[in-house]
Amino acid sequence: MNDPRDHELSRIYREGAWPEPRRQLDDAILEASRRAARARRSASFVWRWGPRFALAATVVLTFSLLLRMSEEMPGEKIAPLLTPAARRAPPAAPRPARPVEEAKPLAEIATPKSEPAPPRGLVEEPPPTLQSAPAAPAFALKKEAPEAARADALQRGSDIQQNSRLREAALPPRELQPAPARPAPPPIAAPTAQAPGAAVTSGLATSLAARAPGVAERSPQAWLDDIRKLKAQGKTEDAQRELAEFRKRYPDYRLPDDLR
Amino acid sequence: MGSGPADEELMLRYGGGDAGAFETLYRRHRGPLYRFLLHQVKNDAATAEELFQDVWMRVIDFRGRYEARAKFSSWVYAIAHNRLMDFHRASGKAKFLDEEESADAIEMLPAGDPPAEIRLERKRAAERLLDALGRLPEAQREAFLLQQEGDLSVEEIAQATGVGRETAKTRLRYALAKLRASLSS
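These protein sequence lines map, in sequence, to chains R and Y. Sequential numbering of the first sequence, starting at 1, is according to the numbering used here. Sequential numbering of the second sequence, starting at 1001, is according to the numbering used here.
Simulated from the structure, these hints should not be mistaken for laboratory data.
With a Cα cut of at most 20 Å, we get these calculated DMTMM-like pairs of lysine to aspartate or glutamate:
1) K248/R <-> E237/R
2) K1123/Y <-> E20/R
3) K1123/Y <-> D6/R
4) K1042/Y <-> E15/R
5) K1123/Y <-> E8/R
Every value quoted in this text rests on a predicted model; they were computed, and no experiment measured them.
Only chain Y is shown next, with the shape it has when bound in the complex:
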């Protein structure tokens, strides 16, 4: 996350009225959080921006009640997760797949380019990865994005998404397996 004061300290300072602390915090997390949301809404930029703004507004609103009992990023991504759940419920798209569904989803992944080409053309590989990511079950994609963008551990993913550690770990393992398959196929 870079040098300087810890996220938790910055958030506490912002809770005390230090607007500069929030700006530092925002600069650190804006990209990862935005990408997390963008991938979760299938690259719908407008929706991602709306959710992104909502999440930060909630951070601002909760500034006085923040307690540094967990990592700031876990807390922010928990807010983002809840906001996403609300969004999916409202739009009727809430289909967090259970593990059985995710097993089916693996088979639904399309065949990719040859591995040699993937290795040679990293850019194209990345695009395919993102494409595969978009087709992952939402719970798995979320676990993957929380790990990649939020730099959260399995425990922190579990905490942010409100599930048990083993569930979070399973989701993450499935996600990684599918993505690897998409690249190697």
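Chain R on its own, in the form it takes in the complex:
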């Protein structure tokens, strides 16, 4: 007998008590099995997709690192990656904070620091720098590259916009009115968007452009040289007039002895 089995005994056994587990026990076990199955499903998702995501992330990270390294390394490899404009432009330096200037009036901001600006209001007369402004850097730029100078003027205009906004918050509205009083010539204003304060920007740029061919191009020393030339040519009246004009422009400038 390979498998001893007594069917009569089995029948009697099955006719006996037939106890079963309680329903609460069934529910507890089945609930535990469902929780485990949910955990299994989420774990299998991670197992299935985790390595793929990790691989993709590694590829992207490696590629971006290589790209960054090739951009930072000097050499021929850089050239195709950079546009000609980007190659010409110097690296952008962080703009220094200008808390003092931002608190100053519009005219003071436009004036070079070497020149003490008279305490004039915006309404009384145009700022002196708009006519004289002998500061070398600004005009040098303008001489060499008018386009760059115009951009500089626009940049200054944006600074002015920012300052005017700050002033609007600090000053009564009455004092802000002069700005729109200054006419904005169309040639400069046209290409730029007319944002609030754009009139001031374009007006300043126009003033800079208008003085470009005349007096504004001369440095004080050049101007004095011209006066000397006039004197040498015997044009004394012209020389006097120029000198008077020069004194008006540069009241603090120490004149050379030959011109006093």
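Keeping the supplied structure of chain R fixed, place chain Y upon it in accordance with the hints.
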């Protein structure tokens, strides 16, 4: 065990996250496993429930490592057997009798009702059988219950209980002999 997917397939599906497969599997085996445990702890329902829950929790825990190399029922009853051994060791009741002890046990079986009455009153006969079953040595009772409840063959009983085939067969034969004696005496 009924129609439908095989137990092994259901267990593999559950290992893949199919909670419904486990439920089917559980419905199939809950009664037999519970009775197996209940008889092994002398009808102590509370202990039987505790062990029953433990066994199923182990099945759940092992879901990812299950391999269909043997019958699912053999595997489950092997878990139940190990759990019972732990329980008996912990409670100091572990006395799996060897064959000599079981020979003595046969003589300890009480005299039953007359055979005619047993045949006529099946219900009473069953009760007596269960009573005799309760007094069988644990190894023999286990072999009998694995055959009756788990529907395991001698080889599968041997596998589930971790003994040789001949040992399992002997235990089963002793158990059947004692139970028959209890009914016929």
